[in-house]
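Visitor: Chains B and H, in that order, give the protein sequences.
By the numbering used here, the letter at position 66 of the first sequence is numbered 66, and the numbering carries on one by one without gaps.
By the numbering used here, the letter at position 98 of the second sequence is numbered 1098, and the numbering carries on one by one without gaps.
Hints were generated in silico from the structure; no laboratory data involved.
One or more hints might be untrue.
Straight-line distance between alpha carbons at most 27 Å, and here's what the computed DSS-like set of lysine-lysine pairs gives [unchecked claim]:
no.	chain 1	residue 1	chain 2	residue 2
1	H	LYS1079	H	LYS1059
2	H	LYS1079	H	LYS1042
3	B	LYS71	B	LYS57
4	H	LYS1068	H	LYS1057
5	B	LYS57	H	LYS1042
6	B	LYS9	H	LYS1042
7	H	LYS1042	B	LYS14
8	H	LYS1059	H	LYS1042
9	H	LYS1079	H	LYS1063
10	B	LYS9	B	LYS57
11	H	LYS1057	H	LYS1069
12	H	LYS1042	B	LYS71
Source: prediction; values computed, not measured.
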Amino acid sequence: NAGVTQTPKFQVLKTGQSMTLQCAQDMNHNSMYWYRQDPGMGLRLIYYSASEGTTDKGEVPNGYNVSRLNKREFSLRLESAAPSQTSVYFCASSVRGEYGYTFGSGTRLTVV
Amino acid sequence: EDQVTQSPEALRLQEGESSSLNCSYTVSGLRGLFWYRQDPGKGPEFLFTLYSAGEEKEKERLKATLTKKESFLHITAPKPEDSATYLCAVQASNDYKLSFGAGTTVTVRA
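All chains, full assembly: derive it from the sequences and hints.
Guide: Have a look at this one:
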């Protein structure tokens, strides 16, 4: 009963480097989401995938890309990391958005 | 645009001292209002969903209520293990995503 698994848990990048954050869920959920959490600003939606094969921009998509690889996996890519992308990133999943999300444990990313 | 405002930002309580957290919201047709608990270094954990004004839900020392403009999370006789950040979120009737407030950090001293 893993729920939502995110990797890595911690990462330090240099400005301009690229990386992919991985997320997988084992609950057969249709919808998946990527949020970032910054002090005093709450959780802000980056991208989401309502169902396999679809992706849509959220509130703060600039500088990010996503891939819904299959029903289980939803990855977030930073093509050229910037210090403003220093944050904690959370992946979540839900059943067609009707019920509460299940969140992963987060990836703490620092861009120097 | 959906907006969620939580108050206060931080709340320090003595063990056994009951209190309430506020979540004010504006949304174009509410599908649901959600409460989550987040412990340091962890992801948010689902607590409640409220769907319509007048609805109430309880879990242990927590009780959530909903009106047309706000929700309250009442903590009755809190214990130190209730210390956490409590997040409120809304989902519009025509949407999949949740819009979150910034949270209220509750610290309960023994």
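Visitor: State for each hint whether it applies.
Guide: How the hints compare with the structure:
| no. | hint | in the structure |
| --- | --- | --- |
| 1 | H/LYS1079 x H/LYS1059 | 14 Å, holds |
| 2 | H/LYS1079 x H/LYS1042 | 20 Å, holds |
| 3 | B/LYS71 x B/LYS57 | 18 Å, holds |
| 4 | H/LYS1068 x H/LYS1057 | 16 Å, holds |
| 5 | B/LYS57 x H/LYS1042 | 25 Å, holds |
| 6 | B/LYS9 x H/LYS1042 | 11 Å, holds |
| 7 | H/LYS1042 x B/LYS14 | 25 Å, holds |
| 8 | H/LYS1059 x H/LYS1042 | 20 Å, holds |
| 9 | H/LYS1079 x H/LYS1063 | 15 Å, holds |
| 10 | B/LYS9 x B/LYS57 | 24 Å, holds |
| 11 | H/LYS1057 x H/LYS1069 | 17 Å, holds |
| 12 | H/LYS1042 x B/LYS71 | 24 Å, holds |
The earlier numbered hints are all upheld by this structure, with none contradicted.
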